[in-house]
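If you read the sequence shown in the working numbering, its first letter stands for residue 52, the second for the next number, and so on.
Check each hint, because a few of them may be wrong.
Unchecked claim - Calculated pairs, DSSO-like style, for lysine-lysine (alpha carbon to alpha carbon, straight line, at most 27 Å):
{"#": "1", "residue 1": "K135", "residue 2": "K155"}
{"#": "2", "residue 1": "K243", "residue 2": "K155"}
{"#": "3", "residue 1": "K114", "residue 2": "K184"}
{"#": "4", "residue 1": "K106", "residue 2": "K155"}
{"#": "5", "residue 1": "K212", "residue 2": "K114"}
{"#": "6", "residue 1": "K212", "residue 2": "K255"}
{"#": "7", "residue 1": "K184", "residue 2": "K155"}
{"#": "8", "residue 1": "K212", "residue 2": "K184"}
{"#": "9", "residue 1": "K243", "residue 2": "K255"}
{"#": "10", "residue 1": "K255", "residue 2": "K106"}
{"#": "11", "residue 1": "K106", "residue 2": "K135"}
{"#": "12", "residue 1": "K212", "residue 2": "K135"}
{"#": "13", "residue 1": "K255", "residue 2": "K155"}
{"#": "14", "residue 1": "K106", "residue 2": "K184"}
{"#": "15", "residue 1": "K255", "residue 2": "K184"}
{"#": "16", "residue 1": "K135", "residue 2": "K114"}
{"#": "17", "residue 1": "K255", "residue 2": "K135"}
{"#": "18", "residue 1": "K184", "residue 2": "K135"}
I should point out that these hints are in silico values taken from the structure, not numbers from a laboratory.
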Amino acid sequence: MTAGLCFLAFGLLPMRTRGQSVHPITGRRIAPVMGLSGADWLDREEREREEQPEKAIAEFNLKPGMIVADVGAGTGFYSIRMAKHVAPGGVVYANDIQPGMLEKLRANAAAQQVGNIVTVLGTESDPRLPVGKFDLVVLVDVYHEFSRPQRMLERIRDCLKPDGRLVLLEFRKEDPAVPIRPEHKMSLEEVKEEVVPEGYSFEKVVDTLPWQHIVFFRRSAG
């Protein structure tokens, strides 16, 4: 089972938001946000096999001392792994809009003795991250749920260093074999059409994961 199926299969309820229902550029239907009832499912054992996070993180080229943000971090599935890669000296800012998710993230990090994570409670339109601080901002299976995607991309751009990168992981809409509900998938072209106008330059896409695109952008100059 995957993120797009979990609402039906496990009776998990989406969190209500007040933002847009479709993206104004592509017309893409914006997916509901997974509520706190899905938190345990985010850490399911099968996720290692289905998403291969270490293979994805290897593409991020993380180094000790880097400052990274995980926006929409949930229970910390990626945050904790990335924090280990940027230590010593590096920090992962783990953002979410649900306090309960951040509580579970802190508990998971403590259980693994990972101390270089800063949790940040954001809003639907603002991740509330420090300006100009980040080498990398990562959005894992979350951008398609942004109810105010243009505003969020604007604020994330402000948070990046001049040479900072934005990376999106999204389930591949082009592949009908990926067992995810359509509103929880994005095509590469949709990602590019929505992100580039908000002040980013497309860098590359990596399609080595079983189900997801890894799409890299740079912060545009000016």
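Hint-by-hint comparison with the structure:
1. K135 <-> K155: holds, 18 Å
2. K243 <-> K155: Distance of about 33 Å is beyond 27 Å: violated.
3. K114 <-> K184: At roughly 15 Å apart (the allowed maximum being 27 Å), K184 and K114 satisfy the hint.
4. K106 <-> K155: holds, 24 Å
5. K212 <-> K114: holds, 16 Å
6. K212 <-> K255: holds, 19 Å
7. K184 <-> K155: holds, 25 Å
8. K212 <-> K184: holds, 6 Å
9. K243 <-> K255: holds, 10 Å
10. K255 <-> K106: Cα-Cα ~16 Å, so holds.
11. K106 <-> K135: holds, 15 Å
12. K212 <-> K135: Since the Cα atoms of K212 and K135 sit roughly 21 Å apart, the hinted pair holds (cutoff 27 Å).
13. K255 <-> K155: violated, 33 Å
14. K106 <-> K184: holds, 25 Å
15. K255 <-> K184: The given pair, whose Cα atoms are some 23 Å apart, holds under the 27 Å limit.
16. K135 <-> K114: holds, 10 Å
17. K255 <-> K135: holds, 25 Å
18. K184 <-> K135: It holds: about 19 Å lies between the C-alpha atoms, which stays within 27 Å.
Hints 2 and 13 from the list above are not met by this structure, while the remaining hints are.
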